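Engineer: If you read the sequences in order, they're chains B and V. Residue numbering for the first sequence follows this note's numbering, beginning at 701 and increasing consecutively. Residue numbering for the second sequence follows this note's numbering, beginning at 4 and increasing consecutively.
A hint or two may mislead.
Unchecked claim - The calculated lysine to aspartate or glutamate pairs, modelled on EDC-like cross-linking and capped at a C-alpha distance of 16 Å, are: (1) B/K767 - V/D272; (2) B/K720 - B/E749; (3) B/K720 - V/D355; (4) B/K767 - V/D355.
Since the hints were made in silico from the structure, they are not lab data. Computed from a predicted model, the values in this text were never measured in an experiment.
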Amino acid sequence: MNQNVRHLDDGVAVLSLGGKLNMVSAPAVRESIAGLVAGGSSRVVVNLEGVEFLDSSGLGALISGLKSTRQAGGDLRIAAPGEQVRLVLRLTNMERVLVPFETAEEAFARA
Amino acid sequence: MTGNSVEVTGLTEAERRAVAELSRQRSLDELGILDTACSERFDRIARTAQQLLGFETVIINFVDHDRQWTKASTRPDLPRVTPRDESFCHFAIQQRAPLIVHEPETDPRFRGNPFVAREDGIRFYAGQSIQGPSGERVGAICVADYGRREFGPEQQAILRDLAVWVEEELALARELTDSARVQSGLLPQSLVTMPGYEASGVCLPIRTVSGDFFDWYPVRGGAAFTLADAMGKGIPAALMAATVRATMRAGSRFDGVASAVEAAAETLDADLENSRTFVTLFHGHLEEDTGVLRYIDAGHGLTLLLHGDGSTERLASTGLPLGVGWDVTWEEREVAMRHGDLLISVSDGVLDAFGGTLDALGQVERIARECSGAAEAVVAAITEEVGSRAPDDVTVLAVRRLPALRA
Numbered sequence: 701m702n703q704n705v706r707h708l709d710d711g712v713a714v715l716s717l718g719g720k721l722n723m724v725s726a727p728a729v730r731e732s733i734a735g736l737v738a739g740g741s742s743r744v745v746v747n748l749e750g751v752e753f754l755d756s757s758g759l760g761a762l763i764s765g766l767k768s769t770r771q772a773g774g775d776l777r778i779a780a781p782g783e784q785v786r787l788v789l790r791l792t793n794m795e796r797v798l799v800p801f802e803t804a805e806e807a808f809a810r811a
Numbered sequence: 004m005t006g007n008s009v010e011v012t013g014l015t016e017a018e019r020r021a022v023a024e025l026s027r028q029r030s031l032d033e034l035g036i037l038d039t040a041c042s043e044r045f046d047r048i049a050r051t052a053q054q055l056l057g058f059e060t061v062i063i064n065f066v067d068h069d070r071q072w073t074k075a076s077t078r079p080d081l082p083r084v085t086p087r088d089e090s091f092c093h094f095a096i097q098q099r100a101p102l103i104v105h106e107p108e109t110d111p112r113f114r115g116n117p118f119v120a121r122e123d124g125i126r127f128y129a130g131q132s133i134q135g136p137s138g139e140r141v142g143a144i145c146v147a148d149y150g151r152r153e154f155g156p157e158q159q160a161i162l163r164d165l166a167v168w169v170e171e172e173l174a175l176a177r178e179l180t181d182s183a184r185v186q187s188g189l190l191p192q193s194l195v196t197m198p199g200y201e202a203s204g205v206c207l208p209i210r211t212v213s214g215d216f217f218d219w220y221p222v223r224g225g226a227a228f229t230l231a232d233a234m235g236k237g238i239p240a241a242l243m244a245a246t247v248r249a250t251m252r253a254g255s256r257f258d259g260v261a262s263a264v265e266a267a268a269e270t271l272d273a274d275l276e277n278s279r280t281f282v283t284l285f286h287g288h289l290e291e292d293t294g295v296l297r298y299i300d301a302g303h304g305l306t307l308l309l310h311g312d313g314s315t316e317r318l319a320s321t322g323l324p325l326g327v328g329w330d331v332t333w334e335e336r337e338v339a340m341r342h343g344d345l346l347i348s349v350s351d352g353v354l355d356a357f358g359g360t361l362d363a364l365g366q367v368e369r370i371a372r373e374c375s376g377a378a379e380a381v382v383a384a385i386t387e388e389v390g391s392r393a394p395d396d397v398t399v400l401a402v403r404r405l406p407a408l409r410a
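Isolated chain V (complex conformation):
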């Protein structure tokens, strides 16, 4: 790919510049970096530049429309937003080579700059442009000083390497954001096919993508529900989670819950073995007319059924996780969801967030009973309580059988 720069003929120089700037701005916008929070990934690069080059002031800037926006800086006292016409980096992005300015106070481009035109103003600047994925120069990493400095080929080479490091971080961040979007597209939408029931779920990755997932879809006579947790965190776990989801869906053409899980386990066995991982899951089929839930618990163990009469059942685990190499059969269990009952399944991230003991399930139950409402409200309340406390991916699935209509 050679990028998306636009080649148009028959334009004036000014028009050509405007087109190039449009293309540059689009490339910057697509990165999704603007106005994001400070990030250790980029702060680290600024600190490294500070140490390697011996400058107090190191800043990573992006040049956006009529402003310059700072992503990382060793100078938290300086503003994060500067007008573009006061920006040095605006000039650094005009060229591929580093921009070195030795006497800005005598340079017509900078001598009127408020950061220069004062007694203790900037007297040295070096900036290396940063390229977006298509080659447009979207920003710069720069060093500045209030006194004269030397900046030889060796320093310039270091600055260039650091700019490439920024570019790699940008590409990685973008890829993760895209992956997260694809993954959230794999979560189910509203459960439209089951009148009398409602379902809600949430999946919050500890990293950008999650090794947990929840799912539901219509099966004969009702709907199937799954909550699964692949070992580990981040991209490796997310790849396995997507594979498990697809396999479970394919396996659900079988009528029995046990046969669906066993078929999936058989299909996944070699994959799990090769990637040396395992998966815990809860999988159930809910019969619409009767509320009968047939389920398998493969080493998940974190599912509750809250009855409308105030009693609670833990849907105990009956089998080993998938991929541990033994016990290829799972025992199917059966429980009835009555009108007003609520099924809640959570991943172990919730357990860890609530103190890491089984008391966590008591907390889940208390929260759910306190909001005594729609499945969506229960999921939201649990998520809120978990907050940012979880050290792992957090997934919550709630299914409610609506109270019977009174005649």
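Okay, chain B solo, but in the shape it has when bound:
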């Protein structure tokens, strides 16, 4: 799994992921988000454009991130999920709390 972080002008952190977000890679993603929050970036967009597969452990990492950013007064949003990721979000009803945005820039545009 590839991870890459960049910061937008308004302080929003964008974590871009590539590959499979599964049981193997989930702990590292969880840690990356925790690291961003600890470093003061509690508004985080996870860009899922490059994620080809999300399993329950991967979803667990996003849920953990959602909790930790909200506890820090921010939020976690997701951008550009593919078909398989959208299906997992839809089946679990998690799309109600992890609303997908088209791009990372849009995710906090109306915040």
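Model the placement of chain V on the given structure of chain B, informed by the hints.
Structural biologist: Just chain V now, kept in the frame of chain B:
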């Protein structure tokens, strides 16, 4: 624990040996390793020995009754079963220290051995006994060569460490097998209390134990059904699955389905939070007289109701999974099972096996309609179709209301 070796007095030396061999054989049998398939866990140890010690031939053997059985070998050309009286490892298990044989062709124990008594026969052997959990020497890891070799204290220490590695793998494999047995004991048996209905289920772990489970049990006026999937795979997921099952059962003393799920969610909240996991589940109460099914779907989303008239309803998801931290209420829904209707709920392992899209539910429906029979046959047909394709635990639950008896 000091093991289960038997201490008996007043025996001859031969009798004492026979008792010790019985105890050894029992220890080997309890490991459940004999005649199992090749396994990367043990092949890896043989390969490591090959690299560290510089021997072409590395074999992990278990000494069973009158034969020697090979679990792992770097020499697939050699037979996996050898008569015990042609076995070097038979002698290696007589001692705790490694057995080093430099000139087997001059050793009365080995010179008649068919692997030795020929021009290109074995000229060097070193074997380190492997102990079972109670200390009995059940087998050996050995290296052999067709030429003379040196084998100093350093090599012997490596061989001893590798034998300990084998012992740890054996203990782990045994523990997993035992865990799987306990877990399958937690699955429900036949549904005897609901005349007019039949239920069947299967739970196939991707690893030895599963993070999915299904369950059913009588509740007032009918029966409760659950299919749940804890995040992840293997032992962590299985521990959570067992906890969820027990909590759901305890919560089902409440009459409403929603109150049962909400009570369970409240009880589980801290556990799920601490272990940073979540659980999706389908839970329903089926009323015997009317066929009314009241259910909650907590982020599961993979339940179908196949009506006898050919129509199919997907019992849509109404709430978030347990443990995600929001939405502590779940909406209870209601649907009627008519005579001949079939309820099927599957875990996402089935979805992944059938291509990972919602079309998978169409396949589940097609398979179920094709076998148009008992719940058990439906479960078996889906399981067969899934085969070994699933990358995740696979669980299938089917409940059928039997067709009405004609007057």
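Engineer: None of the hints should be skipped; say for each whether it holds.
Structural biologist: Hint check results:
1. B/K767 - V/D272: OK: B/K767 and V/D272 at ~14 Å, within 16 Å.
2. B/K720 - B/E749: holds, 11 Å
3. B/K720 - V/D355: holds, 14 Å
4. B/K767 - V/D355: Roughly 28 Å between the alpha carbons, so the hint for B/K767 and V/D355 is violated.
Hint 4 from the list above is the single one not met by this structure.
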